[in-house]
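Asks: Sequence:
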Amino acid sequence: MDTITLENIRLYAYHGCLEEETLIGSDYRVDVEVEARLEKAAISDELGDTADYVTMHRIVKEEMKIPSKLLEHVARRIALRILEEIPMVQGGNVKVAKINPPIGGDVASVSMKYRFSR
Numbered sequence: 001m002d003t004i005t006l007e008n009i010r011l012y013a014y015h016g017c018l019e020e021e022t023l024i025g026s027d028y029r030v031d032v033e034v035e036a037r038l039e040k041a042a043i044s045d046e047l048g049d050t051a052d053y054v055t056m057h058r059i060v061k062e063e064m065k066i067p068s069k070l071l072e073h074v075a076r077r078i079a080l081r082i083l084e085e086i087p088m089v090q091g092g093n094v095k096v097a098k099i100n101p102p103i104g105g106d107v108a109s110v111s112m113k114y115r116f117s118r
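First residue of the sequence shown: 1, per full-length UniProt numbering; consecutive thereafter.
Source of the hints: derived by calculation from the structure; they are not laboratory data.
Nothing here was measured: the structure is a model prediction, and the numbers come from that model.
DSS-like, lysine-lysine: derived pairs with alpha carbons at most 30 Å apart:
| no. | residue 1 | residue 2 |
| --- | --- | --- |
| 1 | K65 | K95 |
| 2 | K61 | K40 |
| 3 | K69 | K113 |
| 4 | K95 | K61 |
| 5 | K113 | K40 |
| 6 | K40 | K95 |
| 7 | K95 | K69 |
| 8 | K113 | K65 |
| 9 | K95 | K113 |
| 10 | K61 | K113 |
Simulated restraints, written as ranges between beta carbons of each label pair:
| no. | residue 1 | residue 2 | range |
| --- | --- | --- | --- |
| 11 | A42 | K69 | 36 to 44 Å |
| 12 | A42 | E84 | 20 to 28 Å |
| 13 | R29 | K69 | 13 to 21 Å |
| 14 | G91 | K65 | 20 to 28 Å |
| 15 | D45 | I24 | 40 to 48 Å |
| 16 | E20 | D45 | 44 to 52 Å |
| 17 | S109 | E46 | 34 to 42 Å |
| 18 | A42 | C17 | 42 to 50 Å |
In this text, a Cβ means the ideal position worked out from N, Cα and C, and glycines have one as well.
Start from the sequences, fold in the hints, and give me the full structure.
Replies: This is the structure in structure tokens:
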């Protein structure tokens, strides 16, 4: 199995359990790593033979626009969309990080990594 990784997708979104988080929003970072058999793409040099990272980026942007209370929920939605829209993806993980979360302390970020597979 081969791997494609999108690292440090930077977005502004409105996730969280606190009302102020859904009103003010926050900075987020998303990493996506998918596993697929990419030998055909390596030989053919054709976009149609690979797991298109432009599609993955679009999915991340669209799902991050939908407010959620939990990072786990957002990550799962991203994973399910990737599996639905890119059939060659066999699994991977989605990491969603909230930058400078409002948790009453000096914390750079809080993140969760959601692992998925077919």
